[in-house]
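Use these hints to put chain E onto chain Z, whose structure you have.
Chains as they are written, first to last, in the working numbering: chain Z, 110 to 312; chain E, 119 to 498.
Some hints could be false.
Taking lysine-lysine and the BS3-like style, the derived pairs with C-alpha atoms no more than 25 angstroms apart in a straight line are [as the list claims (entries may be wrong)]: (1) Lys128(Z) <-> Lys235(Z); (2) Lys244(E) <-> Lys279(Z); (3) Lys253(E) <-> Lys300(Z); (4) Lys208(Z) <-> Lys161(E); (5) Lys234(E) <-> Lys206(Z); (6) Lys494(E) <-> Lys142(E); (7) Lys165(Z) <-> Lys279(Z).
Just the calculated beta-carbon pair ranges, DEER-fashion [stated by the list, open to error]: (8) Glu305(Z) <-> Gly163(E): 50 to 58 angstroms; (9) Phe309(Z) <-> Phe249(E): 34 to 42 angstroms; (10) Met119(E) <-> Lys237(Z): 23 to 31 angstroms; (11) Asn185(Z) <-> Gly340(E): 46 to 54 angstroms; (12) Asp183(Z) <-> Lys244(E): 37 to 45 angstroms; (13) Glu211(E) <-> Lys162(Z): 42 to 50 angstroms.
Hints were generated in silico from the structure; no laboratory data involved. Glycine included, every Cβ here is placed at the ideal spot set by N, Cα and C.
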Amino acid sequence: MGKSRNHFITNSIRIKNEKIFLNKETVLSFDSEIGFPQFLKDSYKKLGLKYPKYHKMDSLCKLGILGSSVLLKDQNFDADTALVFSNTSASHDIDLKHKQSMESIVSPTVFVYTLPNIVLGEISIKYKLQSENVFFIEDKFNAELLWDYSEALLNSGKVSSVVCGWIELKNEQYDVLLCLVSNNGEIPFTKDNLEELYKFENE
Amino acid sequence: MMDILLQEDSIISPLGFSTSENIKAIKAGISGLQFHENSRFEKGGYYAGIIDKTWLADNFSKIGDPTKFTKLEQMMLLATHSVLNNNQLDLSETALIISSTKGNIDLLDNPQNFSKDRASLNSLAKIIQAFFGFKLQPIIVSNACISGGLAVAIAKRFIQAGKFNNALVVAGDRVSDFVVSGFQSFQALSAKPCRPFSINRDGISLGEGAAAILVSNMKREGDNISLIGDASANDANHISGPSRTGEGLYKSIQQALKEAKLSSSEIEYVSAHGTATLFNDEMEAVAFNRAGLAHVPLNSFKAYYGHTLGASALIETILTKHSLLNNELYPSLNFEELGVSKALNIIQKIKNKELQTALKTASGFGGCNLAMILKKSFNG
Numbered sequence: 110m111g112k113s114r115n116h117f118i119t120n121s122i123r124i125k126n127e128k129i130f131l132n133k134e135t136v137l138s139f140d141s142e143i144g145f146p147q148f149l150k151d152s153y154k155k156l157g158l159k160y161p162k163y164h165k166m167d168s169l170c171k172l173g174i175l176g177s178s179v180l181l182k183d184q185n186f187d188a189d190t191a192l193v194f195s196n197t198s199a200s201h202d203i204d205l206k207h208k209q210s211m212e213s214i215v216s217p218t219v220f221v222y223t224l225p226n227i228v229l230g231e232i233s234i235k236y237k238l239q240s241e242n243v244f245f246i247e248d249k250f251n252a253e254l255l256w257d258y259s260e261a262l263l264n265s266g267k268v269s270s271v272v273c274g275w276i277e278l279k280n281e282q283y284d285v286l287l288c289l290v291s292n293n294g295e296i297p298f299t300k301d302n303l304e305e306l307y308k309f310e311n312e
Numbered sequence: 119m120m121d122i123l124l125q126e127d128s129i130i131s132p133l134g135f136s137t138s139e140n141i142k143a144i145k146a147g148i149s150g151l152q153f154h155e156n157s158r159f160e161k162g163g164y165y166a167g168i169i170d171k172t173w174l175a176d177n178f179s180k181i182g183d184p185t186k187f188t189k190l191e192q193m194m195l196l197a198t199h200s201v202l203n204n205n206q207l208d209l210s211e212t213a214l215i216i217s218s219t220k221g222n223i224d225l226l227d228n229p230q231n232f233s234k235d236r237a238s239l240n241s242l243a244k245i246i247q248a249f250f251g252f253k254l255q256p257i258i259v260s261n262a263c264i265s266g267g268l269a270v271a272i273a274k275r276f277i278q279a280g281k282f283n284n285a286l287v288v289a290g291d292r293v294s295d296f297v298v299s300g301f302q303s304f305q306a307l308s309a310k311p312c313r314p315f316s317i318n319r320d321g322i323s324l325g326e327g328a329a330a331i332l333v334s335n336m337k338r339e340g341d342n343i344s345l346i347g348d349a350s351a352n353d354a355n356h357i358s359g360p361s362r363t364g365e366g367l368y369k370s371i372q373q374a375l376k377e378a379k380l381s382s383s384e385i386e387y388v389s390a391h392g393t394a395t396l397f398n399d400e401m402e403a404v405a406f407n408r409a410g411l412a413h414v415p416l417n418s419f420k421a422y423y424g425h426t427l428g429a430s431a432l433i434e435t436i437l438t439k440h441s442l443l444n445n446e447l448y449p450s451l452n453f454e455e456l457g458v459s460k461a462l463n464i465i466q467k468i469k470n471k472e473l474q475t476a477l478k479t480a481s482g483f484g485g486c487n488l489a490m491i492l493k494k495s496f497n498g
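With the rest of the complex left out, here is chain E:
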């Protein structure tokens, strides 16, 4: 099967406006989560990872007029711009794949200075397409919290089917009142910055972010990271509660390993979803144990970013890629003591280790789960 490479990437988050700035912050143990006052919510506010508007607009003004674009659009355009800037891509044949759960949802009944239809995902896609001049019709994926990773898997599947050679995948979501009020109604928001897999975890922190990556069938000189296996599987159990047996996640890991022709003993690092809700982290622990991954170093990036919804699986795939390239394992921030019923090997200190193969997983509402296997190879 054709090799699918994960090439240039970019992360726009409270931790920085490039992948390297983000990794630098992670290595320094910095979190983007802060308390944000908001009187319409219980306890007068919530912990979340929110990008400073002025800082964003200052950066965006180098490529466009910030008054003409929503905050989310600025984030996603900046991410896309920095990937395109480093590549001579023919935009008449490069696919644009967009991932978001809620897009500009806060414009739904209050369009501010924008036209009313700007709240729709189709408008968001058109704005990104037109800004850069992509010719192919954008493909939009809206599949809950696995969207950002699923979009990369979709790029791979289409490239392998011969539909195009290069795809620019861009993901983004915001911390909106719409989403905060919903998660609060579930009693799912943590009172403190979230603590994935930890015994004292009490829910998620939300975050906003955007990310972009070039998925391509063209190898570069030096180290390349390939996506060698991917699968999604539904739990067929409950639309908002994860399966107690981790069924869908387990199945997707098995399928992805099968495609990659690997056994679980060859996985050297797991980048988990780890939202820090009681049920999600427990479900993941069960699935990873069933898959024989209990001893593999594992982390969640949620305590750095919060849960960035449709962007999370792409941001974390990019970080997983750089873990492999840098031969570094990053700590699972805010972890204190294991609080799930099965053993896991949570990364607690930054570690240098020769790495070849990693597993990235994600799970979401609707019972969806995703597994992707990344592998490093040298092309010289």
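Same shape as in the complex, but just chain Z:
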């Protein structure tokens, strides 16, 4: 596989420690005492998202919607934009909720979220993306896998751009990096640049 010739990280977002960053600039920042559920609620409000479906989603999907809303705002991308996501805990957060509900009444609206790729479906619906989806499970952030697979998709001509990244949630600890990769931008799409974006605010 050759080097990335003309693919760039057009935009990137990071969600961690009660903060949301766009291209390393702070977009939102909350007090560390805020707590995860409130962070999800207040971020939605402050970003001015008018998407009532958001409130019905599980937390992993909420993180995905927050992240993609900041990432894709005012960007040009086609319906053939692929989603290449990864994390380590799959849908652990909602799995626990479903498991607890098995003691009493199981809800289909909880169960449907017990797959990590549902967040890809939610983002596809919001942005009308009818393209390639994949959800990889990894021990830890793996820039090489994301880079390799995204490059393979872009070079195959099957997709015109890719949103790739990491969306981890376990025990209310969250860690998100999403990158829009396309032909436009300043930052070359490389493993090292992905790694560097992930390490930012992660020291």
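Same frame as chain Z, now just chain E:
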């Protein structure tokens, strides 16, 4: 583009512990679906395809200690073992690609004799990796019910990109209380063994199974089956209901045909997803009609196995491969009368027919869809 071959394979299911045993059962019209009593569910139980634990452990004891591995691990290790056993692969450069939706999910709050983290997909991958000594870090795909097929497509894409020459793809999922309770909450479980595409269908039957296949760029002598086109596409419509227009499935079929440089008239057999829910089968019928495939012989294997989730698309890809190799079309079990709004040519009796090209499709929660085109060629 580099030719990608589907080589040795193995299926572990209630129908048998090798691909040949599975095909023998299918030809005999045997289903793995049985009624399983379970007091925590409505009607005192459900129809499902469940592997007998003792039978599995007996077979597994030839390669390892069954007390040290979960049922799912035993299934996936057995599948992998039989593929590796027939090949001299260098495991320092063979990729391991794993597909599962829920892995060992029943260990989540009740780890039994195992450590608590054994419920995670990463642990499952490490166990398979360590058992055989794969050196490359395993790649894990968890993308709902298209996972098993998507893992094969991913192997192809990485091989064509030059990342490795051989990939062992292994898929597995179990019938867990976790999953049964969820599908029951959707009212999606059939009261009888499932009846794909049939007018009296009323939902899915679940099943458990594992499968493994070697995906390679090395041709063998004789007949070879290549994966010549593949694509996935999201419906962008609903996370649990399929698109009424079959949008994502239609798109993925078009994309896969484009890559394969084929027209739909050249497809001789369709191995459908066919879960036997009202909406899924209807959606597929719409998509296949839009794609010009209404007259192509088509089946669903779900009434033999139940829906094996992250394993289903791999099990069915392997069966599709052997349909091509054997020049045989297998019946869509439990089909009575067409119950979708568009015409389909459902296979009702086993048929011998010279076959070259087949389409395998799958669809899943999250609105995901997958299409793969398999082609036979002779290398002599």
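Within a Cα-Cα threshold of 25 angstroms, do Lys165(Z) and Lys279(Z) meet the stated pairing? holds, 19 angstroms
Lys128(Z) paired with Lys235(Z) [C-alpha distance capped at 25 angstroms]: Since the Cα atoms of Lys128(Z) and Lys235(Z) sit roughly 23 angstroms apart, the hinted pair holds (cutoff 25 angstroms).
Is 23 to 31 angstroms right for how far apart the beta carbons of Met119(E) and Lys237(Z) are? Check passed, 30 angstroms falls within 23 to 31 angstroms.
25 angstroms Cα cutoff - pair Lys208(Z), Lys161(E): Satisfied, since the Cα-Cα distance of roughly 21 angstroms is no more than 25 angstroms.
Taking only the CA atoms, is the gap from Lys244(E) to Lys279(Z) under or equal to 25 angstroms? With a Cα-Cα distance of about 20 angstroms, the restraint between Lys244(E) and Lys279(Z) holds, given a limit of 25 angstroms.
Verify the CB-CB distance for Asp183(Z) and Lys244(E) against the hinted window 37 to 45 angstroms. Given about 42 angstroms between the Cβ atoms, the range holds.
Tell me if the beta carbons of Glu211(E) and Lys162(Z) are separated by a distance inside 42 to 50 angstroms. Holds, at about 46 angstroms.
With the threshold set at 25 angstroms, check whether the alpha-carbon distance from Lys494(E) to Lys142(E) stays at or below it. This hinted pair holds, its Cα atoms lying about 21 angstroms apart.
Against the range 50 to 58 angstroms, how does the distance between the Cβ atoms of Glu305(Z) and Gly163(E) compare: consistent or not? At roughly 55 angstroms between Cβ atoms, Gly163(E) and Glu305(Z) fall inside 50 to 58 angstroms, so the hint holds.
Next pair to validate is Lys253(E) with Lys300(Z); report whether the Cα-Cα distance is within 25 angstroms. holds, 21 angstroms
With a cut-off of 25 angstroms on the C-alpha distance, tell me whether Lys234(E) and Lys206(Z) pass. Holds. Lys234(E) to Lys206(Z) sits at ~17 angstroms (cutoff 25 angstroms).
Outcome for the supplied range 46 to 54 angstroms, where the beta carbon pair is Asn185(Z) and Gly340(E): holds, 50 angstroms
When the structure is compared with the earlier hints, no violation turns up for any of them.
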